[in-house]
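*Asks:* The lines below spell out each chain.
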Amino acid sequence: MGMDKQESVKKLFTAQSAKVDTNRGDAYYEALYVKCQERLDALKKLRPLNNRRDFLSTIEDEGLERRDFLKWASATTAMLMLPASFTPLVAEAATLMNRVPVIWIELSDCAGNSEALLRSDGPKIDEIILDIISLEFHETLQAASGHQAEKQMEEAMEHFKGKYLLFVEGAIPLGMNGQFGTIGAKAETFVDHLHRAAEGAAAVVAVGSCATYGGIPAAAPNPTDAVGVMDVVKGKPIINIPACPANPSNMVGVILHFVLTGQIPELDSLLRPKFAFGYRIHDNCERRAHFDAGEYVEEWGDEGAKNNFCLYKMGCKGPMTFNNCSIIRYNEGVNWPIGVGRGCIGCSEPDFWDKYAYERPMANANIKAPTGGVEKTVDQFGLGLLTAAGIGIGIHAAASAIAGKKENQKEEA
Amino acid sequence: MKKIKIKELIEKIEGEAELDFTIEDGRIEDVKINFGFYRGIEEILQGRDAWDALVITPRVCGICNHAHLIAAVRAIEDGYQNAGINLLLSEKAKKIRSFTLACELIQNHMKWFYMTIVPQLEAYLQIDNRQNHALKATYLSSTVTKALAIFAGQWPHSSYAIPGGVSCDPTHLDLMQAEALIDECIRFVEQVLIGMDMAQYLDISSVSQLHEVGGDLGRLMHLIGSSGMATLGQSYDRFIVFGESLLSSSGKSIATAVSKVDPRYVQESAQDESMAKAVTYKKRLYETGPLARGMVAKRPIIKSLHKRYKDALLTRIFARMHEVSLLLTESKRLLRELDLNEPSCTLDIDTRCADFEGTGIVEAARGSLIHQTEVSGGLIHRYEIITPTQWNLSHGSGDEHGIAVEAMIGSKSIQEATFIFRTFDVCSVCTTQ
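Protein sequence lines correspond, in order, to chains C and G.
Going by my numbering, the first sequence opens with residue 20, and the numbers climb by one from there.
Going by my numbering, the second sequence opens with residue 3, and the numbers climb by one from there.
In case anyone wonders, no lab produced these hints; they're calculated from the structure.
It should be emphasised that the depicted structure is a prediction, and the values quoted were computed from it without experimental measurement.
Check each hint, because a few of them may be wrong.
As the list claims (entries may be wrong) - Here are some, though not all, of the chain C residues that point toward chain G, as calculated from beta-carbon distances under 8 Å:
hint : residue
1    : A110
2    : P240
3    : G358
Ideal Cβ placement from N, Cα and C applies to all residues, glycine included.
Starting from the given sequences, assemble the full structure and let the hints guide the process.
*Replies:* What follows is the structure in structure tokens.
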């Protein structure tokens, strides 16, 4: 590496990249605490949607200890970058998730984010999500299909007008007047479908890199002229949760934050929640010590690889990628790409498919790290309280699936 | 004679499909399968670095992404071999890849069964069941993908397989953790899916013993049998398998006669009014997938079911769910046999090949997945992805209907036909890419 490159790399790693303020002082947090409490009290007065089950009894039904739940709550509090004193509020917010209606639509995608959501984080939180979040519409997860499902989505949109969170998975192909992606019996284009669904949404959450930036479909030469949600939807608060797939913990985090505060979380300039995208992979990487010590993997399967050395020279994009995978990892925390000796591909950054794709080492990759820039904070945004008993669609969660298992275990005992 | 045309939207698959039925005298006479969706992945790959396919192609599909990764890595390895580079993968790398692929197939089959087949059948037969089957699917698939992630880093969309091997270097602790997860899956399958000991279950070789199977699989088989549906959904009784896997070797089976195949005779062609391409072998259509694997491997229980019900939906559904137990047993064996002292990757970093043509074949959940890459000057000149669903769901050619279309023709109702359609485990995102 030449001197000039060395210098630029050094600069990159010391750049003040994220500007996350994790300590805003006692006065700020005390005020926020009171505000959250008021919000939760107001939510508590509402009836749960769709006769969803009670969260705590659900946990008991699933055979989980309350202690496990509190462990999850304190980890989630930390993830949301709130002081430990907020743990009881986060726990309470989780029990009130059934007051917030969510509609989930899939556009030009591979369904990978839904797949990831299904194996979400926490104490069996995946089941609890299916139980508790008022998922008013999700194509893959709901009971109905075909014309019936279409009708249910119409009804949910009408009934919860102005109140639901719209989760969008997938890019929006604009080419050929949107004909590269159509949905439903009327062959509505994805772009029209999104406009219609976003119209009555309180906020739109783009899940995954496709919904955020256009993703793989938008890779050069972008055959279908695919774009992200923020390029299409205007005049609505948008939260981006990029990565491929998006981390389910961050999806849950956004909903929890909304339940807790009635607001969308603080966002960076790419509209990503700072609690998840405030740091680089590199900042908290388990192999960081090896980077600092100059110990690198030089070739797949070498001694360095066996000793879990730093993957920077193999093209790891951790230094320029903002995401919290190095902390919360994937598949219920079992592992993450760097854990198996594969460098980060920067999948939560714009254009990763063109700029970062494989193992081109960073110094030769002709890329610039996203550093700072103008960061808009959208946390002034407030949403009205959410209401209403729901119409009975979506998933009827049941303890019985896992209960079957428990019964059997008893028989064995 | 009254002819009517009805459009039906099929959801709860990966993506969405539309079926246009032509109904005559109350029976389905023809079906057109349409997918209103296109991303252009093959176009996107052109002009890119040959290795970029390893990151791009898994993202074709959220549910069989791992199969795409393995097909992409095998296409490059095959190309290197063709260019004269001797690539010898370690047994360790091969076994880890087999293991992770097995995990992906298991999660797919379980989701298909509990999120599609069981609820759809119950709805069709108007059985009121308060159980949430989806939770059974998520419990097992999250457990088995955790085992997968120990080696692959994450699921979906991992990239740990690299030409020459794998990037991971697991420890004994990792193996213990993976084995514990597989054991938990086996326990769940024994108690919930098959209702009996797995070893005993795998010993079943004839239809006459199938009544021993309990659990949700036993219940489903019983429901299908008692409602007179067992023989519905027959197609041409022609099967094809291109990949070598834990489950079968390659070959084709026509009315139980098994013979060899050569992927060079695979032909892809565009179809009118569809974004999906059709695919044939020596100009004939074949069914691919678990039933094909069972037939080509001459697995006794599949042959026995086939003898009685031919390639009807009962045989097709059972063949898929049977793979769950086979794969769990095999994956446990793989973990035990893994020799951690072997190298993970055997390709030297300086060995790079700029001009090559290669084919990567893998047995994915829905059948044979083929990647073909043509590289010149280090850049992809042409990339072809032939997915299993293209075999099963094409419109047909000449005077022959497509495989799934033939299976649906003659159905008494649209509901019945769409259920038959779903037994093929449809994936629209793979089909049109």
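*Asks:* For each hint, tell me whether it holds in the structure or not.
*Replies:* Here's how the hints hold up against the structure:
1. A110: violated (23 Å)
2. P240: holds (7 Å)
3. G358: At about 6 Å, which falls below the 8 Å cut-off, the nearest Cβ of chain G leaves the hint on C/G358 intact, so it holds.
When held up to the earlier numbered hints, the structure conflicts with hint 1 and nothing else.
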